[in-house]
Structures are given as structure tokens and as C-alpha cells.
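Modelling step: build the complete structure from the supplied sequences, incorporating the hints.
Spelled out, the chains give:
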Amino acid sequence: MAKVTIDGHTVEVADGTTILNAARQIGGEIVPPAMCYYSKLNGSGGKCRTCLVEVTKGSEKDPRPMPKLVASCSTPVMDGMEVANITSERTLEARKGVVEFLLINHPLDCPICDQAGECDLQNLAYEHGASATRYEEDRRVFDKIDIGEHIQLHMTRCILCYRCVYTADQLTDRRVHGVLKRGDASEIGTYIENSLENEFIGNVIDVCPVGALTDKTFRFKSRVWFLKPMDAHRNCGVCSGKATVWMFGDEIYRVTGRKNTYGEVDEFICNTCRFDVKDLSQWTIEGPRVIENWSVISQGHYAGITEPIHKNVIGVGEKKDDVKLEE
Amino acid sequence: MGKKLLLDKIQIENLSSYQVYRQNGGYEAVEKALKKLTPDEVLEEVKKSGLRGRGGAGFPTGMKWSFIAKPEGVPRYLLCNADESEPGTFKDRFLMEKNPHLLIEGMILSSYALGCNTAYIYIRGEFMWIMHILEKAIAEAYANGWLGTNILGKGYNLDLYVSPGAGAYICGEETALIESLEGKRGNPRIKPPFPAVKGLWQCPTVVNNVETLAAVVPIINHGGEAYASVGIGRSTGTKLISACGNISKPGVYEIEMGISVEEFIYSDEYCGGIKDGKRIKACVPGGSSVPILPHYLITKTATGTERLMSYESLSEGGFASGSMLGSGGFIVYDEDQCIVRNTWNFTRFYHHESCGQCSPCREGTGWMEKVLHRIEYGHGQMRDIDLLWDVQKKIEGNTICPLGDAAAWPVASAIRHFREEFEWHINEPELCLKQNYGLVKEPAITV
Numbered sequence: 000m001a002k003v004t005i006d007g008h009t010v011e012v013a014d015g016t017t018i019l020n021a022a023r024q025i026g027g028e029i030v031p032p033a034m035c036y037y038s039k040l041n042g043s044g045g046k047c048r049t050c051l052v053e054v055t056k057g058s059e060k061d062p063r064p065m066p067k068l069v070a071s072c073s074t075p076v077m078d079g080m081e082v083a084n085i086t087s088e089r090t091l092e093a094r095k096g097v098v099e100f101l102l103i104n105h106p107l108d109c110p111i112c113d114q115a116g117e118c119d120l121q122n123l124a125y126e127h128g129a130s131a132t133r134y135e136e137d138r139r140v141f142d143k144i145d146i147g148e149h150i151q152l153h154m155t156r157c158i159l160c161y162r163c164v165y166t167a168d169q170l171t172d173r174r175v176h177g178v179l180k181r182g183d184a185s186e187i188g189t190y191i192e193n194s195l196e197n198e199f200i201g202n203v204i205d206v207c208p209v210g211a212l213t214d215k216t217f218r219f220k221s222r223v224w225f226l227k228p229m230d231a232h233r234n235c236g237v238c239s240g241k242a243t244v245w246m247f248g249d250e251i252y253r254v255t256g257r258k259n260t261y262g263e264v265d266e267f268i269c270n271t272c273r274f275d276v277k278d279l280s281q282w283t284i285e286g287p288r289v290i291e292n293w294s295v296i297s298q299g300h301y302a303g304i305t306e307p308i309h310k311n312v313i314g315v316g317e318k319k320d321d322v323k324l325e326e
Numbered sequence: 000m001g002k003k004l005l006l007d008k009i010q011i012e013n014l015s016s017y018q019v020y021r022q023n024g025g026y027e028a029v030e031k032a033l034k035k036l037t038p039d040e041v042l043e044e045v046k047k048s049g050l051r052g053r054g055g056a057g058f059p060t061g062m063k064w065s066f067i068a069k070p071e072g073v074p075r076y077l078l079c080n081a082d083e084s085e086p087g088t089f090k091d092r093f094l095m096e097k098n099p100h101l102l103i104e105g106m107i108l109s110s111y112a113l114g115c116n117t118a119y120i121y122i123r124g125e126f127m128w129i130m131h132i133l134e135k136a137i138a139e140a141y142a143n144g145w146l147g148t149n150i151l152g153k154g155y156n157l158d159l160y161v162s163p164g165a166g167a168y169i170c171g172e173e174t175a176l177i178e179s180l181e182g183k184r185g186n187p188r189i190k191p192p193f194p195a196v197k198g199l200w201q202c203p204t205v206v207n208n209v210e211t212l213a214a215v216v217p218i219i220n221h222g223g224e225a226y227a228s229v230g231i232g233r234s235t236g237t238k239l240i241s242a243c244g245n246i247s248k249p250g251v252y253e254i255e256m257g258i259s260v261e262e263f264i265y266s267d268e269y270c271g272g273i274k275d276g277k278r279i280k281a282c283v284p285g286g287s288s289v290p291i292l293p294h295y296l297i298t299k300t301a302t303g304t305e306r307l308m309s310y311e312s313l314s315e316g317g318f319a320s321g322s323m324l325g326s327g328g329f330i331v332y333d334e335d336q337c338i339v340r341n342t343w344n345f346t347r348f349y350h351h352e353s354c355g356q357c358s359p360c361r362e363g364t365g366w367m368e369k370v371l372h373r374i375e376y377g378h379g380q381m382r383d384i385d386l387l388w389d390v391q392k393k394i395e396g397n398t399i400c401p402l403g404d405a406a407a408w409p410v411a412s413a414i415r416h417f418r419e420e421f422e423w424h425i426n427e428p429e430l431c432l433k434q435n436y437g438l439v440k441e442p443a444i445t446v
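As given, the protein sequences belong to chains A and B, one line each in that order. Residue numbering for the first sequence follows numbering that gives the first Met the number 0, beginning at 0 and increasing consecutively. Residue numbering for the second sequence follows numbering that gives the first Met the number 0, beginning at 0 and increasing consecutively.
Heads up, a few of these hints could be off.
Pairs of lysine-lysine, BS3-like flavour, derived with a Cα cap of 25 Å [what the hints assert, rightly or not]: (1) B:Lys277 / B:Lys2; (2) B:Lys135 / A:Lys39; (3) B:Lys97 / A:Lys95; (4) B:Lys183 / A:Lys180; (5) A:Lys143 / A:Lys220; (6) B:Lys183 / B:Lys31; (7) A:Lys60 / B:Lys69; (8) A:Lys67 / B:Lys197; (9) B:Lys392 / A:Lys67; (10) B:Lys97 / B:Lys8; (11) A:Lys39 / B:Lys183.
For each label pair, taking beta carbons as the anchor points, the in silico distance ranges come out as [unchecked claim]: (12) A:Gly177 / B:Phe66: 30 to 40 Å; (13) B:Glu181 / A:Ser38: 21 to 31 Å; (14) A:Asp14 / B:Glu40: 52 to 62 Å.
Keep in mind the hints are simulated off the structure, nothing from the lab. Here a beta-carbon is modelled for each residue, glycine too, at the ideal position from N, C-alpha and C.
Written as C-alpha cells, this is what we have:
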């Protein structure tokens with residue numbers, strides 16, 4: 000076990016835990032933001048540099064501070080380590096820089112982007128970004144590509160977190176997409192114009208922190224904050240069948256995995272559950288998905304929900320009138 | 000004449016053939032090491048020699064070797080980094096082209112010291128003809144029993160392979176090199192773990208520069224202490240310097256560490272002075288990624304002492320008034336060169352070569368290039384200089400690998416020392432396209 004202090008909060012964690020995961024065990028505002036790290040994907044992290052933190056004391060044995068800021072998602076804690084995240088001016092300055100870098104080639108088309116409202120980059124920019132850009136040049140632009148029947152890739156919005164590549168690598172048996180070219184010409188691609196065909200490939204939409212990979216069955220149907228996320232399950236022979244269905248009235252607009260407070264899904268779901276089963280009768284609704292009150296999804300009619308409105312599980316075939324959503 | 004340890008036999012005709020190399024004392028170091036020394040004794044000699052990595056960082060080689068993990072039953076690898084692609088650096092290609100057996104001999108010695116049975120030379124893809132030279136030399140070494148199984152009947156086995164890169168500067172970063180050698184996209188790995196613990200195929204690995212490995216041969220031949228007696232202070236031995244730019248005699252020179260920069264630039268033995276009798280304006284002493292020095296800081300340091308060709312002297316004064324020895328790519332600029340254009344050119348290189356894995360380097364290098372392009376072509380604004388300064392500061396130290404630093408330092412140093420030239424570009428947008436600024440004024444008080 001190792002004892003680590005982050006912004007004055009001390010926690011004891013198992014050896015080999017990263018600083019980010021130690022911070023997540025403490026929770027709250029001291030958790031560094033992460034755009035590329037995804038706890039369920041091996042090898043992810045280290046790339047976006049938003050989770051940089053300052054290590055003010057290396058360990059009990061070697062108390063020297065680390066000269067550079069370190070990526071908290073890939074740096075293991077040492078016993079006695081002291082970390083400054085939001086208490087470090089240097090960290091916040093560097094994070095501001097990273098947000099600016101991520102945004103200079105981002106189209107900022109949030110008003111027409113399906114990810115708006117649940118976008119990690121949007122949240123990050125609200126928290127750490129500047130209100131005006133210093134970038135005067137042309138932005139990088141790509142054409143939209145349909146990769147597979149249900150997924151659209153809009154590379155212009157991509158921040159190259161590599162999460163979708165790791166997802167395909169670790170969830171499917173034969174990855175057909177990856178990162179082509181290098182530098183700021185890098186792009187996610189299926190060499191050449193292949194389509195992503197795998198029963199679990201839909202999960203790349205869930206792991207995408209921005210609106211680069213979107214669900215074609217949901218594109219432009221609704222803003223996410225007009226929908227009610229409900230935990231639901233169904234009998235699925237392929238995956239666990241545990242998902243979140245996003246409803247408008249009695250209609251299911253889209254299905255995603257169940258995302259936790261860090262935007263990570265609890266369990267990956269299959270394409271059938273995600274794209275094909277949109278009929279309410281085929282799902283057993285468990286109750287509303289708890290959404291943190293900082294999220295725009297919790298705004299308006301959905302504000303302040305911390306416990307399920309429905310005490311009873313609403314089963315298939317029940318009278319729909321009994322389901323009273325706060326409209 | 001300074002002492003030569005690597006290029007001492009370079010004038011001999013046909014040195015790249017095995018017979019000529021062997022007749023001139025080749026492979027004697029291997030004979031000596033395998034017959035008389037244990038691997039630990041070879042390591043001890045290298046430690047005693049004070050040899051430092053010649054690829055740019057200058058990390059003590061003996062110390063690097065002693066870090067290698069030695070778990071039971073796991074192979075260890077030695078990799079030679081021959082992916083020399085830094086602008087201004089062309090020393091390794093000369094060594095490999097003219098004297099391939101020296102590198103092979105150095106690799107046998109180093110592998111023996113490290114207990115490796117497999118070693119690779121990762122060579123820059125553009126050096127295809129040198130790869131053929133090396134392959135021929137390796138075949139000769141196999142045929143004569145210097146590689147393969149049971150070398151010299153001492154029970155030591157070593158296989159050596161050459162593998163070409165595919166045109167990426169980033170694959171000269173040691174973990175990107177390992178990824179590329181494994182057949183993957185050449186993205187640098189996130190450290191820790193370091194290659195000494197988990198490198199090639201997740202096994203302990205040492206990556207060394209061509210010149211470093213070649214220097215092991217004279218160390219074993221003459222002894223570590225004799226090697227350490229050459230040079231100055233902690234900069235021991237000799238260093239290959241590839242001199243280019245506006246000098247009379249560009250080329251690859253072997254210098255004893257500690258000769259003065261003035262001697263190196265102006266003596267006839269080396270660069271032979273500035274071409275056409277012009278004045279020197281600036282100098283990049285260690286390859287494109289090290290800070291550029293203005294004319295008044297080249298031959299003497301900020302405190303007025305003479306600047307020497309050594310790790311310590313070139314970096315004296317830190318980044319405020321010093322630079323680095325780096326990889327030894329010595330670029331000299333005369334008074335007719337444009338620093339803004341040069342900085343733009345370097346930045347364009349780093350923009351092109353960024354792997355695109357981490358955001359500060361991917362986005363920042365391109366941004367700096369665009370701003371510098373604007374300034375160079377007379378479309379700059381005064382705030383662009385501060386913008387450049389801020390962007391480079393946000394790249395430096397915040398990236399996965401040192402390429403981000405390498406892209407930031409030239410911009411930072413150019414603004415630090417040549418700010419008035421940048422301002423002149425902005426104030427005289429039409430004039431700057433027709434003529435050059437000339438020398439910058441020496442500040443009254445240097446830091």
C-alpha cells in the first residue's frame with residue numbers, strides 16, 4: 000500500500016495505482032480531467048496531456064520534486080508522494096495550454112454537434128479554456144466518412160485520443176481501423192475505405208470523448224439534454240444487455256452503455272442492443288440514470304435528480320400512463 | 000593535430016572491407032575482451048572511460064549499461080540507433096559508410112558486456128546504400144567467426160541484424176525506435192517503464208548511438224583510463240562534429256573534447272573560418288534542436304571565459320546564454336543569413352516530423368510554423384512574438400518524448416537572442432523580403 004497526498008487530501012492506495020486513479024478514489028474537484036485515458040482500455044492514456052500534475056514530493060524515500068509535470072494517468076504513485084493538481088499554478092497553466100492546443104484545430108461546431116452536452120472537450124474547455132482564441136490560421140478540415148452502416152466518422156472534430164483504436168483492438172478480433180499519417184495530418188482511418196463490421200464496434204461511439212464518432216441512428220434526432228436517460232436491460236445473447244436508453248416521451252431515441260461520472264461505460268454493449276432495439280417493449284426499464292448535477296443533461300426538467308423517481312421497476316407491458324417523467 | 004580515435008584510419012583505402020580492416024588492427028579489441036576480460040570488466044573499462052552518449056543527451060554510457068535489468072531466462076537486446084536525421088548532423092553516416100567494421104566490433108564488445116545474444120542496427124531508411132555496406136560487412140564478420148555461435152571458441156553467441164526505418168525522424172527516439180523495430184507505428188512509448196527494464200519485445204534493452212558504440216573499441220584497445228585522459232573534465236575522449244553552413248571547409252571532423260570553439264571555427268585544421276571572409280552571425284553547435292547562439296556568445300561565454308567544445312562549456316549559462324553539444328551538428332551562419340527564416344525552417348521540420356501522439360507537440364509545432372511563416376513573409380504583428388514565446392513554453396516539458404522540447408528550444412533561443420530581428424521583420428514588412436537584418440546588437444549587460 001502507498002500513501003499519497005493530492006491537493007492536501009491523503010488516501011492509501013494499492014501499489015502501482017496511478018495518480019489519476021488515486022485521485023478518483025478521493026473524488027471531487029481534485030480529480031484531473033482525462034481526455035484519452037479510459038480505465039477499461041489497456042494501454043490508453045498519456046497522450047492528451049490534460050491530466051498533467053505537479054509532483055511536489057517524489058516519495059518518502061526520495062522527497063525530491065519531479066522536475067517536469069507528469070501525466071497523472073500513467074504515473075504510478077509512490078509511498079509518501081505529494082501531488083498538486085488544482086493547487087498548482089503551473090499545472091493549471093499547462094492545462095490551459097493543452098486545452099488551447101486541442102481547440103485550435105477543433106471546428107467548435109457544438110451547436111450542430113450531436114456530442115454537445117455530453118462532450119468531454121466541451122466540459123474541459125468550459126473549465127480551463129480561454130474565452131477567445133489566439134489562432135488566426137485555417138483549421139484542419141476533413142470530409143465526413145461513413146465507416147460501417149451505423150457509425151459516422153467526422154475526423155475534423157477528432158482529438159486523436161486513440162481510445163477507439165484501443166477499443167477495436169481489445170474488443171474485436173480483427174481491428175480494421177487505426178491512425179494513418181503523422182503529426183497534425185494524422186487521421187483515424189480504415190485503410191482503404193473499409194467499413195467497421197463487428198458486433199461490438201459500436202462501442203467506439205461511447206468511448207469517443209468528442210463528436211468524431213457518432214451514432215447514425217441518432218444523428219440530428221435530438222439534443223441529449225432533451226432526453227431522459229433511463230437504465231434498462233434486456234435479454235441479449237451477445238452482451239450483458241445492460242444499457243442506458245435515452246427517451247423522449249415513450250420513444251427510445253438512442254441506446255448507449257451506462258456511463259459513470261468520468262464518462263466511462265460500466266459494460267460494453269453489442270451493436271444489436273445499441274442500434275437495432277429501439278422498441279420500448281423490448282426493454283425492461285430500471286429507473287432513471289443518475290446524472291451528476293454539473294452536467295447539462297441534468298438541467299431543465301431533469302435537474303436535481305439524485306435518486307430514482309420510480310421506486311418500482313417498470314416492466315414490459317405495464318400501462319405507460321403510470322410512468323410519470325418530470326416533463 | 001588533435002588525437003584521433005575513431006577516424007584515425009579513415010584515410011586507408013578500402014577500409015570497409017574485412018581484410019583491410021583486420022590488417023590494420025581490426026577486431027583486436029574483441030580478441031582482447033573475449034580472451035582476457037569478463038563482461039563486467041568490459042563494463043568497468045567503459046565506466047572508467049567516462050564515455051557519454053553521443054546521440055545528443057550525453058548520458059554516461061557505463062551508467063546506462065549498469066541500469067539494464069537482468070532477470071533470469073529473459074533475453075537482453077542491444078540496439079544501435081543509426082536513425083541519424085537531425086538537420087545538421089551527418090557524422091554517423093560517414094562512420095558507417097567508411098568504417099562499418101568499427102561499428103560491428105563496438106557492438107560485439109558492448110553486447111558481450113551487456114550479455115546480449117541478439118543485437119540490431121536500426122538504420123535510417125534513406126541510408127539504404129549504407130545498409131548494404133553494413134550487411135556486406137556483417138556477412139564478412141560471420142564468415143570470419145566474429146559473429147554467430149561460439150565466437151573465438153569462448154562460448155559466446157551473438158547475432159547481428161540491420162533493420163531500416165521508413166522515413167521518420169521520431170524513430171530516433173529510443174522507444175519509438177523499439178516500436179518501429181517491432182513492426183508497429185513509430186510512436187514513442189510512455190515512460191516508465193524505461194527500455195532498460197522493458198524494451199524490445201518487453202525485454203531489457205539498451206539503445207546506443209553509432210558513435211557511442213564505435214567509441215567502445217578504442218576504450219578496450221587502449222583502456223578506459225587512457226580514453227579518459229583525452230578531453231576535458233567530464234567530457235572525455237573525442238567527438239565527431241559534422242560542421243556545415245557558411246564555413247570554408249564543411250565536413251566531419253574528429254575533435255578532442257576541450258578545444259576552443261574559436262579554434263574549431265577558424266583554424267585551417269577544422270572549419271577554416273567563415274566563407275568569403277564574412278562575419279559570423281550565429282551558430283547552432285549541436286544539431287537543429289539545441290538553442291542557437293548569437294555571434295557574441297559563440298567564442299566566449301556570458302561571463303567572458305573562452306568557450307570550449309565540451310558538454311559543460313557549451314551549456315554554460317544554461318539556456319539564457321548557453322546551448323548544448325547535442326549530437327555534434329555544428330551549423331554556422333554568416334551575416335547574410337536570416338534567423339527568422341532559419342527558425343521557420345527548423346520549425347517546419349519539427350511540424351513535419353511530429354508523430355501526432357500527444358497534443359502539445361501535434362498542434363503546437365504546426366501553430367509555431369504558421370506564425371513564423373507569417374512573420375517571415377511580412378504579415379506578422381508584434382503580438383505574434385509573444386504568442387510564439389507562449390506557445391513554445393506550453394510545449395516544452397509537457398510532451399511524451401523530447402521532440403516537443405527539441406521543437407521549442409530553437410524558437411525560444413531565437414526570440415531570446417534575436418528579438419530585434421523579429422521586430423524588424425514586423426516593422427519593415429517589405430524590406431524584410433528584400434534584404435537581411437545583419438548582426439544583432441550585443442546587449443550592454445549580459446546575464
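Right, here's what the structure says about each hint:
In summary, the hint linking Lys277 of chain B to Lys2 of chain B is not supported, as the alpha carbons are separated by about 30 Å, beyond the 25 Å threshold. With a C-alpha separation of about 48 Å, the suggested pairing of Lys135 of chain B with Lys39 of chain A is violated against the 25 Å cut-off. Distance check on the hinted pair: Lys97 of chain B and Lys95 of chain A sit about 50 Å apart at the alpha-carbon level, beyond 25 Å; violated. Annotation: proposed proximity of Lys183 of chain B to Lys180 of chain A holds, straight-line Cα distance about 13 Å (limit 25 Å).
Among the hinted pairs, Lys143 of chain A with Lys220 of chain A is consistent with the structure: their alpha-carbon atoms are about 18 Å apart, no more than 25 Å. Of the supplied pair hints, the one linking Lys183 of chain B and Lys31 of chain B is violated, its CA atoms being roughly 39 Å apart against a limit of 25 Å. Using a Cα cut-off of 25 Å, the hinted pair Lys60 of chain A and Lys69 of chain B holds, with the two alpha carbons roughly 24 Å apart. Annotation: proposed proximity of Lys67 of chain A to Lys197 of chain B holds, straight-line Cα distance about 22 Å (limit 25 Å).
Pair hint Lys392 of chain B plus Lys67 of chain A holds up; C-alpha atoms about 13 Å apart against a cutoff of 25 Å. For the proposed pair Lys97 of chain B and Lys8 of chain B, the alpha carbon gap of about 10 Å is at most 25 Å, so the pair holds. For a cut-off of 25 Å, the pair hint linking Lys39 of chain A to Lys183 of chain B stands: about 22 Å separates their Cα positions. For the pair Gly177 of chain A and Phe66 of chain B, the beta carbons lie near 33 Å from each other, so the given range of 30 to 40 Å is met.
Remark: the range hint 21 to 31 Å for Glu181 of chain B to Ser38 of chain A is upheld by a beta-carbon distance near 26 Å. Taking 52 to 62 Å as the suggested C-beta distance range, the pair Asp14 of chain A and Glu40 of chain B does not conform, at roughly 37 Å.
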